[in-house]
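Undergrad: Here is how the chains run, residue by residue.
There are 2 protein chains.
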Amino acid sequence: MGKKKKLLLNLFDMNCVGHNSHGLWKHPDNERRQYNELGYWTDLAQLLEKGKFDALFLADVIGVYDVYKDTRDISVKNAVQVPANDPALIVPVMAHATKHLGFAVTVSTSYEHPFALSRRMSTLDHLTKGRVAWNIVTSYLPNAARNFGLDEMIKHDDRYEIAEEFLEVCYKLWEGSWEEGAVVFDQANDTYADPAKVHEIGHKGKHFQVAGPHLCEPSPQRTPVIYQAGSSVRGRTFAAKHAECVFVGGQTPEALRFYVEDIRSQAKAYGRNPEQILMFKGFSAIVAETSAEARDKFLDFEQYRSSEAALAQYCGSSGYDLSKLDPDQIFEYMSTEGNQTRAAQYTQFTKKRTVGEVKESIGKFGGGWMQVGTPIEIADEIERWIDEAGIDGLNFAQVVTPGTVKDFIDLVVPELQNRGRVKEEYEEGTYRQKLFGRGTSHLPNAHPAASYRQIAVPAVRR
Amino acid sequence: MGKKKKLLLNLFDMNCVGHNSHGLWKHPDNERRQYNELGYWTDLAQLLEKGKFDALFLADVIGVYDVYKDTRDISVKNAVQVPANDPALIVPVMAHATKHLGFAVTVSTSYEHPFALSRRMSTLDHLTKGRVAWNIVTSYLPNAARNFGLDEMIKHDDRYEIAEEFLEVCYKLWEGSWEEGAVVFDQANDTYADPAKVHEIGHKGKHFQVAGPHLCEPSPQRTPVIYQAGSSVRGRTFAAKHAECVFVGGQTPEALRFYVEDIRSQAKAYGRNPEQILMFKGFSAIVAETSAEARDKFLDFEQYRSSEAALAQYCGSSGYDLSKLDPDQIFEYMSTEGNQTRAAQYTQFTKKRTVGEVKESIGKFGGGWMQVGTPIEIADEIERWIDEAGIDGLNFAQVVTPGTVKDFIDLVVPELQNRGRVKEEYEEGTYRQKLFGRGTSHLPNAHPAASYRQIAVPAVRR
Numbered sequence: 006m007g008k009k010k011k012l013l014l015n016l017f018d019m020n021c022v023g024h025n026s027h028g029l030w031k032h033p034d035n036e037r038r039q040y041n042e043l044g045y046w047t048d049l050a051q052l053l054e055k056g057k058f059d060a061l062f063l064a065d066v067i068g069v070y071d072v073y074k075d076t077r078d079i080s081v082k083n084a085v086q087v088p089a090n091d092p093a094l095i096v097p098v099m100a101h102a103t104k105h106l107g108f109a110v111t112v113s114t115s116y117e118h119p120f121a122l123s124r125r126m127s128t129l130d131h132l133t134k135g136r137v138a139w140n141i142v143t144s145y146l147p148n149a150a151r152n153f154g155l156d157e158m159i160k161h162d163d164r165y166e167i168a169e170e171f172l173e174v175c176y177k178l179w180e181g182s183w184e185e186g187a188v189v190f191d192q193a194n195d196t197y198a199d200p201a202k203v204h205e206i207g208h209k210g211k212h213f214q215v216a217g218p219h220l221c222e223p224s225p226q227r228t229p230v231i232y233q234a235g236s237s238v239r240g241r242t243f244a245a246k247h248a249e250c251v252f253v254g255g256q257t258p259e260a261l262r263f264y265v266e267d268i269r270s271q272a273k274a275y276g277r278n279p280e281q282i283l284m285f286k287g288f289s290a291i292v293a294e295t296s297a298e299a300r301d302k303f304l305d306f307e308q309y310r311s312s313e314a315a316l317a318q319y320c321g322s323s324g325y326d327l328s329k330l331d332p333d334q335i336f337e338y339m340s341t342e343g344n345q346t347r348a349a350q351y352t353q354f355t356k357k358r359t360v361g362e363v364k365e366s367i368g369k370f371g372g373g374w375m376q377v378g379t380p381i382e383i384a385d386e387i388e389r390w391i392d393e394a395g396i397d398g399l400n401f402a403q404v405v406t407p408g409t410v411k412d413f414i415d416l417v418v419p420e421l422q423n424r425g426r427v428k429e430e431y432e433e434g435t436y437r438q439k440l441f442g443r444g445t446s447h448l449p450n451a452h453p454a455a456s457y458r459q460i461a462v463p464a465v466r467r
Numbered sequence: 006m007g008k009k010k011k012l013l014l015n016l017f018d019m020n021c022v023g024h025n026s027h028g029l030w031k032h033p034d035n036e037r038r039q040y041n042e043l044g045y046w047t048d049l050a051q052l053l054e055k056g057k058f059d060a061l062f063l064a065d066v067i068g069v070y071d072v073y074k075d076t077r078d079i080s081v082k083n084a085v086q087v088p089a090n091d092p093a094l095i096v097p098v099m100a101h102a103t104k105h106l107g108f109a110v111t112v113s114t115s116y117e118h119p120f121a122l123s124r125r126m127s128t129l130d131h132l133t134k135g136r137v138a139w140n141i142v143t144s145y146l147p148n149a150a151r152n153f154g155l156d157e158m159i160k161h162d163d164r165y166e167i168a169e170e171f172l173e174v175c176y177k178l179w180e181g182s183w184e185e186g187a188v189v190f191d192q193a194n195d196t197y198a199d200p201a202k203v204h205e206i207g208h209k210g211k212h213f214q215v216a217g218p219h220l221c222e223p224s225p226q227r228t229p230v231i232y233q234a235g236s237s238v239r240g241r242t243f244a245a246k247h248a249e250c251v252f253v254g255g256q257t258p259e260a261l262r263f264y265v266e267d268i269r270s271q272a273k274a275y276g277r278n279p280e281q282i283l284m285f286k287g288f289s290a291i292v293a294e295t296s297a298e299a300r301d302k303f304l305d306f307e308q309y310r311s312s313e314a315a316l317a318q319y320c321g322s323s324g325y326d327l328s329k330l331d332p333d334q335i336f337e338y339m340s341t342e343g344n345q346t347r348a349a350q351y352t353q354f355t356k357k358r359t360v361g362e363v364k365e366s367i368g369k370f371g372g373g374w375m376q377v378g379t380p381i382e383i384a385d386e387i388e389r390w391i392d393e394a395g396i397d398g399l400n401f402a403q404v405v406t407p408g409t410v411k412d413f414i415d416l417v418v419p420e421l422q423n424r425g426r427v428k429e430e431y432e433e434g435t436y437r438q439k440l441f442g443r444g445t446s447h448l449p450n451a452h453p454a455a456s457y458r459q460i461a462v463p464a465v466r467r
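Residue numbers (this note's numbering), protein chains in the order written: chain A, 6 to 467; chain B, 6 to 467.
One or more of the hints may lead you astray.
Intra- or inter-copy, both count: the list cannot distinguish identical chains.
[As the list claims (entries may be wrong)] Straight-line distance between alpha carbons at most 27 angstroms, and here's what the computed DSSO-like set of lysine-lysine pairs gives:
1. LYS302 <-> LYS134
2. LYS211 <-> LYS134
3. LYS160 <-> LYS10
4. LYS209 <-> LYS74
5. LYS428 <-> LYS10
6. LYS104 <-> LYS357
7. LYS273 <-> LYS411
8. LYS74 <-> LYS246
9. LYS10 <-> LYS246
10. LYS134 <-> LYS104
11. LYS202 <-> LYS74
12. LYS160 <-> LYS209
13. LYS246 <-> LYS273
14. LYS428 <-> LYS134
15. LYS104 <-> LYS211
16. LYS57 <-> LYS104
17. LYS57 <-> LYS364
18. LYS211 <-> LYS160
These are computed hints drawn from the structure, not numbers from a lab. Remember, it's a predicted structure, so these values are computed and weren't measured experimentally.
Next up, chain A with everything else stripped away, as it sits in the complex (with noise of 0.2 angstroms):
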């Protein structure tokens, strides 16, 4: 038992009514209509705790899903991703009804700006006492993109080339601006921080000039987790560079093998230590105590799905409009905007579909990798992949909220905790403590932020 590796376990969620089971918010037991109200996420958080979930990760977009047929309306009227609120905003509430509950939050680079991303992220670690991560994401909607004035999205490398400096805004304010020990809270001495532990960043780069310093003292994980879930190549570098989590794709485990240890060579490759990035696979499951009670309930989440909604998230995201093409045409996703996760899968590990196939098998609940079963059934299954892949967590989708985890907390936890794959007590400390075991909460010091750790730049000091 000793050997065999524990699995991490993240619900998959967004601050919305119709996130990935497209249609079901039609559904009796589905309480998602209740997003906007915080008593939802203080249960649902304590709910994951009970469960031993490590974090709870939010997803989000910035613009509606408008590619399928030219048109937003299929999005708006089966709430798919909109409405769609703030993600951080429900954070700080759910870190108090909890004690040990991580929360990812995904914030795009494209559009925010990285002082006040910074200050928002180090206000979060305050506040959770150490338990964030984020989700960097670049944001592939077009619709994003009008948003925020500009008439086109910014092309997919261009935009990992502003996340790179973002993020080294973001390290230089995070971990070089204020150094340990700057507080030091001295009632005697009139001193409440000292002034030469301090400092400007004077980041003036191609995009961004930020002077600092940073506004908030260091929160106690300073950086907080870094989760990434690109999987085109520009992706997988920025990842294997910046990533500590990566939410990969993959509908074989072949294919995801393929993209983890891509990740984890170049990661070897920029100095740092290929067993601490931790890879985690989108995953639902439909439990019942037999197989087939848990057909029924299959059957049951069937009549909801609506497979125009599922198709209008496709074609957002990916940025093909299917409906335009032959159905009996071969599908070759060419992109090299979009999503190119998928591209990559098709091209290398999946046979040939037409359009028509492709459009058929859009919409299966849980992003394509969904279980139908027992507890044991199930956790056979969870059992195979993290082997076979080389995964160390799920990122678990639901079908209906609460109830598709609360089967999971329910059923199949305690089988892999019996199998010795799910921990039966939290370890104490900040979510990257948590993660990684170590005594730090900070990064370890071959992670690329850690070179912003000694900044000194006395011309721009006043």
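Given chain A's structure and the hints, the job is docking chain B onto it.
TA: Quick look at chain B alone, frame taken from chain A:
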């Protein structure tokens, strides 16, 4: 008693160690060091609700005060509004711990984007069930400009021009993008929201281009209650047009009445009901059962006061480095930048003072209007100001937290209740309903936001 004007009570605070009572972070009764703790804020919110306060007003800055003596070292050493955490992130947890308290959050229109800010405010309004206000500022710190990529601050009047367009975008998103009744939650017809009642805004202005639609469904108040705090000529015009609550300056009842009447008469010219703009004055009180005890308290606090820190704040916000001026020269407050409030006050309502006299006067607790005395003395003085200056409420600043407001709640609020000046119970409803006693949570038709309720932009509709 029925004729007596009720007084509105806000706590004037900030998500930081040192707000306006400089040096007092050192006082053993001051609990502000815990500003990073969620429980600190929920306790404060519950105390305010017990004291029948209407709202917690959260100030904010996004830079350090570095004008005085050409350094930010004094500010950092004395915690002069640095460190300063993000104010919005503490609101939901306080809303969860209370039922009636409102929350006024300061956000600058100079460094945020209206699309992102609109979503944050709508999210807050949803989560708090309509208890949110936005204190609109345009930011006065040069360091803030340098943190957001600008070498120099945008000129004062240009900042207001940007703010006007920023508000136009917000109004379109909040008031016009989602019609009443757009969200139907019609399971039988597969319709969460009626796409025909959700509109793009297609805003193309000088400073912003925003496509829309708004990402949030209509929140209880739609537009949050609008606060504004500038008292410059341009600021008053802005307030007269947009604000529902104004934080007015003025060191005497006469000065205050001048501003109040100026804003009200301008509001009337805009077609608004001038009585529906509520005027708040900064205030602080050191209260005890006897005058002698109150005086002792004051003298105890005085020992901790830092005039140097107060000067750092004053010079940073006004733009004048008083350390460089001859103490014997008359202080001419000429700036068209910086804080024009004081400029106007000094020239119109205050006898000319020397630089030395101004320096001497700076750093009084409570931002210039502080009472030290018994509950009766303080209640008398408050009533005099209400009637002479025509104000509607107080923004109460603390010397030590939460002791100063706790004393006020324990001793002065009951006295004001006896005089019919403070409510015995909260009204039901949203913050706007509580303030204006109307049947609706929405802005009145005479407010400029109302003109954006009907928008149809078919050209950009996809």
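Undergrad: Hint by hint, which ones does this structure get wrong, listed from lowest number up?
TA: 1, 2, 3, 6, 7, 8, 15 and 17
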